[in-house]
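Trainee: With chain U held as given, fit chain A onto it using these hints.
Next come the chains, spelled out residue by residue.
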Amino acid sequence: MKIKILHMYADMLDLYGDSGNMEIIKYRCGKRGIECIIDKYSVGDDMPYFPEYDLVYIGGGADLEQQHISADLLKCRQGIKKAYKSGTFLFLICGGYQLMGKYYRDADGNEIKGLGLFDYFTIAPSSRKKRCIGNIVIKTEITGKPVKVVGFENHGGQTQGVKNPFGTVLYGNGNCSKSSAEGYFEKNVIATYLHGPMLAKNPEISDYMISYCINRKSDRLIKLARLDDKLEKECRKVMIERLLNK
Amino acid sequence: MKRLLILIGKIIVKILNLLGRNAGNLPGIILWHLSGQKCCSIFKVDCPVIAVTGTNGKTSVTNCIAQLFEKSGKKIIINREGNNLDTGICSLLLRHCDMSGRVKADYLILETDESHVPVVYSQIKLETLVVLNFFRDQLDRNGEMETLIQKINGFCKTFDGNLILNGDDPNTARLGRANPKNKKVKYFHAEPYAFATTDIFEASEGRFCPFCSETLEYEYYQYSHIGKFICRGCGFGDYKPYVTASKIDLDKPVFMADGHKYSPKLNSIYNVYNMTAVASVSKLYRIKQSITDSVISTYTVNNGRMETFMLGDRKTTLNLAKNPVGANMTLRVMNEMKGEKELLFVLNDNVADGLDVSWIWDINFSIFERVTRVITSGTRAYDIAVRIKCSGYDSSKIVVRPDLDEAVSELAVTEGRKFVIANYTAVQPTRQALRRYSENGGKHDEN
Chain U
1 MKIKILHMYA DMLDLYGDSG NMEIIKYRCG KRGIECIIDK YSVGDDMPYF
51 PEYDLVYIGG GADLEQQHIS ADLLKCRQGI KKAYKSGTFL FLICGGYQLM
101 GKYYRDADGN EIKGLGLFDY FTIAPSSRKK RCIGNIVIKT EITGKPVKVV
151 GFENHGGQTQ GVKNPFGTVL YGNGNCSKSS AEGYFEKNVI ATYLHGPMLA
201 KNPEISDYMI SYCINRKSDR LIKLARLDDK LEKECRKVMI ERLLNK
Chain A
247 MKRLLILIGK IIVKILNLLG RNAGNLPGII LWHLSGQKCC SIFKVDCPVI
297 AVTGTNGKTS VTNCIAQLFE KSGKKIIINR EGNNLDTGIC SLLLRHCDMS
347 GRVKADYLIL ETDESHVPVV YSQIKLETLV VLNFFRDQLD RNGEMETLIQ
397 KINGFCKTFD GNLILNGDDP NTARLGRANP KNKKVKYFHA EPYAFATTDI
447 FEASEGRFCP FCSETLEYEY YQYSHIGKFI CRGCGFGDYK PYVTASKIDL
497 DKPVFMADGH KYSPKLNSIY NVYNMTAVAS VSKLYRIKQS ITDSVISTYT
547 VNNGRMETFM LGDRKTTLNL AKNPVGANMT LRVMNEMKGE KELLFVLNDN
597 VADGLDVSWI WDINFSIFER VTRVITSGTR AYDIAVRIKC SGYDSSKIVV
647 RPDLDEAVSE LAVTEGRKFV IANYTAVQPT RQALRRYSEN GGKHDEN
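Protein sequence lines correspond, in order, to chains U and A. If you read the first sequence in my numbering, its first letter stands for residue 1, the second for the next number, and so on. If you read the second sequence in my numbering, its first letter stands for residue 247, the second for the next number, and so on.
Chain U on its own, in the form it takes in the complex:
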């Protein structure tokens, strides 16, 4: 068994341990004997053939880094769209999330064009001081069972027009300041503001994606072997108790 991942702009979009998500997926695949190939793509590299990947991952970056990559990302639009339509999983954090929408309007009113794969759009408040910063807990049911997901958010942008959020906010801000919805979800898309890295304390979400990737071309359901997630679950429990049971 094998899954192929394309990690885009790893050298530029890597805020709050986002690259850790790749380390975690690779680790969880490795423990199960699933081969996990992670290719990297960045500005100026040869255009990859996106549909050959099971998962495309884009992390978040500071404003300057996001400006650097946005023009390049637009060049990849057709390829990414084709991959998404053919079932490639899109895993998008923060900036990656924003840039897949219609547009991102920054604090100075400049509009950065998004890929427009999805209908949402993001507007940053004119004051740079107004940011959504802090620990965040959301509840998601994407795995069929309610799961509390813990992460860390830091974004100025307010994302609006999300039809199907990734989860509901139990603590923190979410898509907009003090909002109830967080992220965007489709069966092959997780887009979220959660850093931390997001997968560190939330093994169910890693396994949802791994399971999707190995099953998408298989005719029978392949079940993932269970792993010892004691540390991860204890880690999440400590944070949930601290944040929600105050």
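Rather than coming from a laboratory, the hints here were simulated on the basis of the structure. Ideal Cβ placement from N, Cα and C applies to all residues, glycine included. Some clues are possibly wrong.
Unchecked claim - When the alpha-carbon atoms are kept at most 30 Å apart in a straight line, the in silico BS3-like pairs for lysine-lysine are as follows:
(1) Lys397/A - Lys129/U
(2) Lys178/U - Lys397/A
(3) Lys187/U - Lys82/U
(4) Lys643/A - Lys2/U
(5) Lys31/U - Lys284/A
(6) Lys403/A - Lys148/U
(7) Lys643/A - Lys26/U
(8) Lys217/U - Lys85/U
(9) Lys534/A - Lys584/A
(10) Lys130/U - Lys474/A
(11) Lys129/U - Lys371/A
(12) Lys40/U - Lys474/A
(13) Lys643/A - Lys223/U
(14) Lys130/U - Lys498/A
(15) Lys284/A - Lys129/U
(16) Lys82/U - Lys26/U
(17) Lys397/A - Lys113/U
(18) Lys237/U - Lys643/A
(19) Lys403/A - Lys130/U
(20) Lys233/U - Lys350/A
(21) Lys403/A - Lys129/U
Said to hold, decoys possible - If you only want the chain A side, here are some residues facing chain U, beta carbon under 7 Å, derived:
(22) Glu392
(23) Trp607
(24) Cys636
Mentor: Just chain A now, kept in the frame of chain U:
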């Protein structure tokens, strides 16, 4: 009005002293409110002011610069306690001014928080600014790194005093172009040491030229993004160093700077950069060479920066790591040491640590060599345990003990060499726990 504020401030300091409290930050906070947020503007400072800023090394460099002047017989004022925000500096000056707010000293030497440089020095005239480095650190407090650099860059645009910059850090060196009219910009630089690499080793900032967006080319990296860089697009990085550290040999340890040989006590590449900054200030102020020699060769620290403890007969080295760069350096030192060892990692997420702990994912744990066991502790003991596990380290060798005393006892169960890494708010409680153990543990052994 200013006199009234000084009077109020002095009374607060007196009351706090009478109550047996250290007048750290509180008088400054009160005056900050009373003075319309300009609590440093109430003082009259006639002497030269030297400020040191940057992510890592501020305290060390500030203390060494202070020694340069003290040993030259000058009266100095320094914020030794590390109260480095405007309010802390205000509290410090309150204790050293007369009733008219006049500050009497030959030199004011101030460690200054990165984000507070423009705040403080729009109110007090600055003669010399030393900028050491900018790393990811407490991003959630300062907003993004770029915002922080922009703030200081904005200040430098109109600053015409001495600007001493780490020329091997593009984030710092770029400040040299902020004010083209300023002829007093000086860069310090270090030649490669034995563990310098041609590829980048740890996650870091500043891969692109801030002026023309070209990828920066590196001749070598010392650690993180610190190294000899150049932009082929616009020539950024092409400067003549004011002071260069060369012939760096950390085994001895020795290095040369500006033709003089120094034998520092601390054997890290960090320390070489810090001391090169000190040597630059010394050159600028024409300090006697014998004084510079003695400051650089005797400087050592016992505040959790490579500090040694004995747990019974087990040698234990504690190092503070506020960010991945610091942690990676400790791991390197640990790896370069022969034989088996155990690691205790104490991770807190208090406000001063910056709430978010994701920086631990930028630590390169895959380089672990001969580490036989890992113990984790602190308010985020499980986060660091998960992080080390996912780097591929055998999870059955990871022990989580959130309580510090329990963690230290666990560490002391086995024989052999021990290392302890603690982040900012964890370092003092960790020192205390190590001391408690070595004191009580020692007695226990005798019984």
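Trainee: Now look at each hint and say whether the structure bears it out.
Mentor: The hints, checked one at a time:
A C-alpha spacing of about 13 Å is found between Lys397/A and Lys129/U, which places the hinted pair at or below 30 Å, so the restraint holds. The hinted pair formed by Lys178/U and Lys397/A meets the criterion: a straight-line CA distance of about 28 Å does not exceed 30 Å. Of the pairs offered as hints, the one joining Lys187/U and Lys82/U holds, with about 16 Å between alpha carbons and a cut-off of 30 Å not exceeded. For the proposed pair Lys643/A and Lys2/U, the alpha carbon gap of about 29 Å is at most 30 Å, so the pair holds.
Pair hint Lys31/U plus Lys284/A does not hold up; C-alpha atoms about 58 Å apart against a cutoff of 30 Å. Taken as a hint, the Lys403/A and Lys148/U pair is broken in the structure, with Cα atoms around 48 Å apart against an allowance of 30 Å. For the suggested pair Lys643/A and Lys26/U, the alpha carbons sit about 21 Å apart, so the restraint of at most 30 Å is met. As the CA atoms of Lys217/U and Lys85/U are separated by approximately 14 Å, the hinted pair is consistent with the 30 Å bound.
Distance hint between Lys534/A and Lys584/A is unfulfilled; the C-alpha atoms sit about 40 Å from each other, more than 30 Å. Proximity of Lys130/U to Lys474/A is assessed by CA-CA distance (about 37 Å); at most 30 Å being required, the pair is judged violated. Proximity of Lys129/U to Lys371/A is assessed by CA-CA distance (about 27 Å); at most 30 Å being required, the pair is judged to hold. Pair hint Lys40/U plus Lys474/A holds up; C-alpha atoms about 26 Å apart against a cutoff of 30 Å.
Restraint check for Lys643/A and Lys223/U: the C-alpha separation of about 28 Å stays at or below 30 Å, so the hint holds. In summary, the hint linking Lys130/U to Lys498/A is not supported, as the alpha carbons are separated by about 51 Å, beyond the 30 Å threshold. Between Lys284/A and Lys129/U, the direct Cα distance comes to roughly 20 Å. Compliance with the 30 Å bound is thereby established for this hinted pair. Our distance criterion of 30 Å between C-alpha atoms is met by Lys82/U and Lys26/U, whose separation comes to about 25 Å.
At roughly 28 Å between alpha-carbon atoms, Lys397/A and Lys113/U fall within 30 Å of each other, so this suggested pair holds. A hinted pair counts as satisfied when its Cα atoms are at most 30 Å apart, and Lys237/U with Lys643/A qualifies at roughly 22 Å. Restraint check for Lys403/A and Lys130/U: satisfied, since their Cα atoms lie roughly 26 Å apart, inside the 30 Å limit. Taking the CA atoms of Lys233/U and Lys350/A, the gap is about 58 Å. The hint is violated against a cut of 30 Å.
Simply put, Lys403/A and Lys129/U have alpha-carbon atoms about 22 Å apart, close enough for the 30 Å limit, and the pair holds. Taken as an interface hint, Glu392/A checks out: its beta carbon lies about 5 Å from the nearest beta carbon of chain U, inside 7 Å. For Trp607/A, the interface hint holds, since its Cβ comes within 7 Å of a Cβ in chain U; the closest pair sits about 3 Å apart. The restraint placing Cys636/A at the interface with chain U holds, with a minimum CB-CB distance near 5 Å, inside the 7 Å limit.
Violated hints for the displayed structure, listed by number in ascending order: 5, 6, 9, 10, 14, 20.
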